[in-house]
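Peer 1: Produce the entire structure from the sequences given, and follow the hints as far as they go.
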Amino acid sequence: MATIQAGRRRRRRRLRPAWRNTLTGWSFILPNLLGFGVFTLVPVLALFYYAFTDWNIFGVAEWVGVDNFTRMLGDDSFFTALRNTLYYTALHIPLTMGAALGLALLLNRKLRGVAFFRTVAFFPYITSIVAIAQVWNLLFSPQYGPINALLRALGAANPPGWTVSADWSMPAVIIVSTWREMGYYMLIFLAGLQTIPNQLYEAARIDGAGSWQRFRNITLPSLRPTTFFVVVMLTIGSFKVFDLILLLTDGGPGQSTLVLSQYIYQKGFEENQFGYASAVSVVLFAICFAITVVQFAVNKRRAS
Amino acid sequence: MTGTLLQPPALHIGAGPAPTSGNRRRAHPVWRFLGYLTLVVAAAAVLLPFFWMVVSSLKANSDVNTVPVQWLPDPVVWQNYLDIWRKSDMTTWLGNTLLLSVTVTALQVFTGSFAAYGFAKVRFPGRNLLFLAYIGTLAVPWQSYMVPQFILMSKLQLSDTLWAIIALQAFNALGVFLMKQYYETIPEELSEAARMDGMTEYGIYRRIMLPLSAPGLASLTLLTFVNTWNDYLGPLIYLRSPDVRTIQLGLSTFISQYNADYALIMTGSVLSVLPIALIFLLGQRHFVEGIATSGLKG
Chain F
288 MATIQAGRRR RRRRLRPAWR NTLTGWSFIL PNLLGFGVFT LVPVLALFYY
338 AFTDWNIFGV AEWVGVDNFT RMLGDDSFFT ALRNTLYYTA LHIPLTMGAA
388 LGLALLLNRK LRGVAFFRTV AFFPYITSIV AIAQVWNLLF SPQYGPINAL
438 LRALGAANPP GWTVSADWSM PAVIIVSTWR EMGYYMLIFL AGLQTIPNQL
488 YEAARIDGAG SWQRFRNITL PSLRPTTFFV VVMLTIGSFK VFDLILLLTD
538 GGPGQSTLVL SQYIYQKGFE ENQFGYASAV SVVLFAICFA ITVVQFAVNK
588 RRAS
Chain S
3 MTGTLLQPPA LHIGAGPAPT SGNRRRAHPV WRFLGYLTLV VAAAAVLLPF
53 FWMVVSSLKA NSDVNTVPVQ WLPDPVVWQN YLDIWRKSDM TTWLGNTLLL
103 SVTVTALQVF TGSFAAYGFA KVRFPGRNLL FLAYIGTLAV PWQSYMVPQF
153 ILMSKLQLSD TLWAIIALQA FNALGVFLMK QYYETIPEEL SEAARMDGMT
203 EYGIYRRIML PLSAPGLASL TLLTFVNTWN DYLGPLIYLR SPDVRTIQLG
253 LSTFISQYNA DYALIMTGSV LSVLPIALIF LLGQRHFVEG IATSGLKG
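In the order they appear, the protein sequences are chains F and S.
Per our numbering, the very first residue in the first sequence carries number 288; after that it's consecutive.
Per our numbering, the very first residue in the second sequence carries number 3; after that it's consecutive.
Honestly, the hints are just simulated from the structure, not real lab data.
A hint or two may mislead.
[Stated by the list, open to error] Selected chain S positions facing chain F (Cβ under 7 Å, derived; list incomplete):
| hint | residue |
| --- | --- |
| 1 | V48 |
| 2 | F116 |
| 3 | A141 |
| 4 | V228 |
[Unchecked claim] Pairwise CB distance ranges, derived in the manner of DEER restraints:
| hint | chain 1 | residue 1 | chain 2 | residue 2 | range |
| --- | --- | --- | --- | --- | --- |
| 5 | S | V56 | F | L437 | 13 to 23 Å |
| 6 | S | L212 | F | L310 | 16 to 26 Å |
| 7 | S | R209 | F | A577 | 37 to 47 Å |
| 8 | S | V104 | F | S314 | 18 to 28 Å |
| 9 | S | L283 | F | G324 | 35 to 45 Å |
Every residue, glycine too, gets a C-beta built ideally from N, C-alpha and C.
Peer 2: Here it is in structure tokens:
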């Protein structure tokens, strides 16, 4: 009996050559790949063709070489959008990381109510952006908003104009996006903190290390993979910031909060300049790609 | 057993603070006090917008913007919650959004977990390259290819139909990525033993992997549902006609239409947030694990 089964088994194994594995593998992937290929991969590839064409929705795509890119070099609005995106990124990343790490360190302690706070901090992240932008607009209202009411109570004679002031609109956007995203990154940091073995801290304590030294020499190095992931995610997230700005300030006042994504949207969907919008998209694409590659390279070198 | 890495002990929400053990020392009372103070201030700051949303929705419109600020509704006006249904197409929006969220989630969970099995457990040439293409698009912002995608959808006559949103959301690389991470924590010996017993790969997927990855599937289901429910940009670009509007798009058109009716706008906002809040509170453990999975090992 046993030998017959063993024989069968052997034959079945022989019946599964490489090409069958390939067939099985593709059959698993195909249902998803069809949708993913048509609706994501093809557009990504087409982008690089459209960027070199002059095209609106009614005509045909006409090859114009690098015309779109030379036009971009003389386009002030494009550079304003680029500058604003960099401004947003430069403040949003450190603020969100600082807040998220600070909260994670706090929640990693034994305090009553941390479970409740973890829920609270994550809540903004899963709330729809339309509702959020609307309520923050009320909160930021220079005259009637509770934020300026608080600031006045604290003694600020001339609180900022927030979303209606060209100088304060970007800080307002950054406050909202930090508020919205810190809970998400806090969770990631918290998961990273949980993987650090307690013995490390105990040993450091025996050696007489203070809490700052423990943080510098144990917590930060152990969190490196987590920090790396957070920085990459935050960078990509910052460069593509769009819906929040669209709903909160609509790029204004003036062009004070116009960002790259919104500029693509304006050129592509409001002015139907698909070719030029694609060219700007290529720039956005290239920036995100380059930064990710650099971050991976730096991370690899530091790890070795 | 299936994933101790995915469930760091303290991430179980609701467990409450563990009794004092020898692991970590109790901090000095002053530090504890400062810790609590920071927690309370941070919680208040995080909750203020939600508080303001609910409070404003219960006010008469003339009481929303006042000097000095009116922190509590007086009188409490419930009428807004009746008026909103009359003044807006809330029912259509909610219906469309529910339909989309359910369809997209079903497609994403099925095709995503199916493909993830191929990537995680079956060896064949070209597999790693293909997976790289999936991962690569996770690092590319959607905003950078929304224009060619829109052109394609228009050519396929999908624009201005709910199908556009399904096509856009259902085959997201996130599902494949998340489920692959999960499958890789399941020991290879299990599937090897099943192969010995003559089970096909499809059988292994259905009878072994699916049941063992239930927590991963739950995370993916919740994340996809919430993402689809909250999506604003997709509907903004693809949906024009009033009868295909989703709740997010509907709410934003409502806002521009009744732009001075703040109390009513806040009522609509509360209603658009409420279903997600409930889902989150019921399934928050899975959210947390899903994020820890896709985050930690990303």
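Peer 1: Against this structure, judge whether each hint is valid.
Peer 2: Status of each hint after checking the structure:
1. V48: Nearest chain F Cβ about 5 Å off; hint holds.
2. F116: With a minimum Cβ separation of about 5 Å from chain F (threshold 7 Å), the hint on F116 of chain S holds.
3. A141: This hint holds: A141 of chain S lies near chain F, its Cβ roughly 5 Å from the closest one there, short of 7 Å.
4. V228: Holds: closest Cβ of chain F sits about 5 Å from V228 of chain S, inside 7 Å.
5. S:V56 / F:L437: 13 to 23 Å: holds (18 Å)
6. S:L212 / F:L310: 16 to 26 Å: Given range 16 to 26 Å: holds, Cβ gap about 21 Å.
7. S:R209 / F:A577: 37 to 47 Å: Hint holds: Cβ distance 45 Å, inside 37 to 47 Å.
8. S:V104 / F:S314: 18 to 28 Å: Check passed, 26 Å falls within 18 to 28 Å.
9. S:L283 / F:G324: 35 to 45 Å: holds (37 Å)
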